[in-house]
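> As you go down the protein sequences, you meet chains A and B in turn.
Using the working numbering, the letters of the first sequence correspond one by one to residues 1 to 324.
Using the working numbering, the letters of the second sequence correspond one by one to residues 1 to 399.
Among the hints, a few may not be true.
[Said to hold, decoys possible] Lysine-lysine pairs mimicking BS3-like chemistry, simulated, CA-CA at most 30 angstroms apart:
1. B/Lys2 to B/Lys65
2. B/Lys166 to A/Lys275
3. A/Lys275 to B/Lys396
4. B/Lys372 to A/Lys275
5. A/Lys108 to B/Lys2
6. B/Lys150 to B/Lys225
These are computed hints drawn from the structure, not numbers from a lab.
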Amino acid sequence: MAVLVNADTRVICQGITGSFGAIHTKGCHHYGTRVVGGVTPGKGGQKDANDLPIFNTVEEAVVKAGATATMIFVPPAFCGDAILEAADAGLKLICAITEGVPVQDMVKVRAVLDNMNAELPDSEQITLIGPNCPGIITPGPKTGSGTSGSDTYTNAGCKIGIMPGYINTHISEAKTGKAVGIVSRSGTLTYEAVWQTSNFGLGQSTCIGIGGDPVRGMSHIDALKLFQDDPETHGIMMIGEIGGSDEEAAAAFVKEHVTKPVAGFIAGATAPPGKRMGHAGAIIEADGSGTAEGKIKAMRAAGIEVADSPADMGRAMVAAMGLS
Amino acid sequence: MKIHEYQARELLDNAGVPVPAGTLLESIEDAASTYKSITSEAGTELAVIKAQVHAGGRGKAGFVKLVKTPEDATEAARFMLSNRMVSPQTGAEGLEVKKLLVAAGVDIAHEYYLAITTDRTKRRNILIASREGGVEIEKVAEENPDAIIKQEIHPLLGLQAHVARKVAFQLGFQGKQVGQAVKVMMNLAKLFAQKDCSLAEINPLIVTPPTDAHPDGELLAIDAKFNFDDNGLFRHKDIQALFDPSEENPAEMRASRMGLSYIALDGNIGCLVNGAGLAMATMDAIKIHGGEPANFLDVGGGASEEAVTEAFSIILSDDAVKGIMVNIFGGIMDCAVIAQGIVNAAKSIGFSVPLVVRLEGTNVEAGREILKQASSDLPTLEAASDLGDAAAKVVKAVG
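Only chain A is shown next, with the shape it has when bound in the complex:
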């Protein structure tokens, strides 16, 4: 068990013939993700370097290849349209990896997706992850070298996006026999958390990078709900950063609805106000909102084990789970 994606998820790449799209299609394919093709308008009928079929439209990829999820690597100007094309074609999981999407585009895209979801039953809701995110991974046990499509790293996992697969630990390989779900606004900080929890003998059920943009799809709360309901997730690591109030809302949600141990970290305690720290959404506003201090306080008040140092995320997780 895991959340959102597993070995049966049939993934396509929108922008499969672009440089980043091609590299990461290969990476996912070699990891063991069931990549069933990609979309580049005008190149339909061709094959990519991995011998995967290329389609002109997402709809065609759904009909001919049975796609159920997509990762989007198209340039920022076209990302909003690519997200809505995937939603219109009936895909339920959309990972927008693209960095640099205009905020006003995302305001419109979210409004359209929210309208679509309002008409759909609970079981058919569309989930958008990102944009400006590393994607999602449900690790599988290591079964191969991960160097080719015929010798994949695992035969029972799914990686969508740009995360390195090999640092993850499947629950069957974890010394503690426990797995944690990880949700984060930052890519590399997710890798750090995966690495540290693995070093403490924990596996990961699913890791979700929700992205660093101010207006995006999935929030921390959406991920917390999924992890709370997943029987193979034994603890939850929630990683946030300065800017916005997503973490404060998530802390309140944890207090009310989450019974599993939760640990966390907030990046940016030393960031100066008014400066955008790399991510478009990582900024302490002029009115003093969005500070690390406020988020950490809210999280601690909700009983979350917050690491003061990013070097102690793994330690905080095992402490929260009573394993230390």
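Using the hints, position chain B against chain A.
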């Protein structure tokens, strides 16, 4: 991206939001004639001279002045163009002022606040308005939050006339003012959406006292502040042209040309990291171990060896830097590229300060081997086993 007030006034004027007559002044010699032309055009003796800098706090610093004669105008221009402006937003060294705005003075019956921004929690653009204009909105929010109206704007239809009308009545506009206010709000909202703004603020929006020609007074935008979403700039050549490089930190500009995200800070430990979240976390770890970061630097996921070398050159251009911490968790980033960038920097620039390197992730073995082979070029290099170890080592090395 930020722009100057005089540029914001021009955008408003073109979008159909009325502003008082005004013009740019760049030399002390032209002050008197500029004053005369602006005041005679507007039929008044009063003009206001305002320094054009991105930082706030101009009024208290003496860089906004009301003048009534050409001599006063010259004196105000002389003061502003020959002194650096120091305010709580500029830092102790202050800012050089190169441009002044000379605007016609107007009589004011009442001051309002009007702004549009994006509310990230609601994922909507919102109109913020208040009857208490002319002061900082943060202050109003603190002292009298009920005086602030927040109105969501429809994400697909934009600001609708009936919504703007409702806000106009809530603000207490009367008679012909209502129609004028609706027009101002709708034009501002259109401008915000069309130009990918992140903030479009008019403060104050004023009503002039009644006259025979305008028995209900006139609405005018006196001061304006516009910020733009950097991600939207690619589709606005006209807005890109408003960029003023002299307002930016030169090292930050140099970094952005190489695709690096760099922010200068006050400490003495330089940082080179991949990923924005990890870069912030690295600064935090240094602080926890008792050190002070000299910068934020995210080399990104696809950085080349050249970009890594340039990053070191930028970090070392800050004389305060007494040590450097490299923290890489390679996902897309190949550790060998970082290692080669370090070696190239050692050969071209040379490291005289302690260099603590933590490498993990994609191709880490190759990266470590490259550093080992080049150990004679890297006398100050110290390898670290993890993030905490690296932070402890660099803080200790700096002393």
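> Next, verify each hint and record whether it holds.
Hint check:
For a cut-off of 30 angstroms, the pair hint linking B/Lys2 to B/Lys65 stands: about 23 angstroms separates their Cα positions. Our distance criterion of 30 angstroms between C-alpha atoms is broken by B/Lys166 and A/Lys275, whose separation comes to about 35 angstroms. For the given pair, A/Lys275 sits about 28 angstroms from B/Lys396 by alpha-carbon distance, which is consistent with the 30 angstroms threshold. Between B/Lys372 and A/Lys275, the direct Cα distance comes to roughly 37 angstroms. Violation of the 30 angstroms bound is thereby established for this hinted pair.
Note on A/Lys108 and B/Lys2: the hinted pairing holds, with a Cα-Cα distance of about 24 angstroms set against a maximum of 30 angstroms. For the proposed pair B/Lys150 and B/Lys225, the alpha carbon gap of about 18 angstroms is at most 30 angstroms, so the pair holds.
Consistency with the previously given hints fails for numbers 2 and 4, ordered from lowest to highest.
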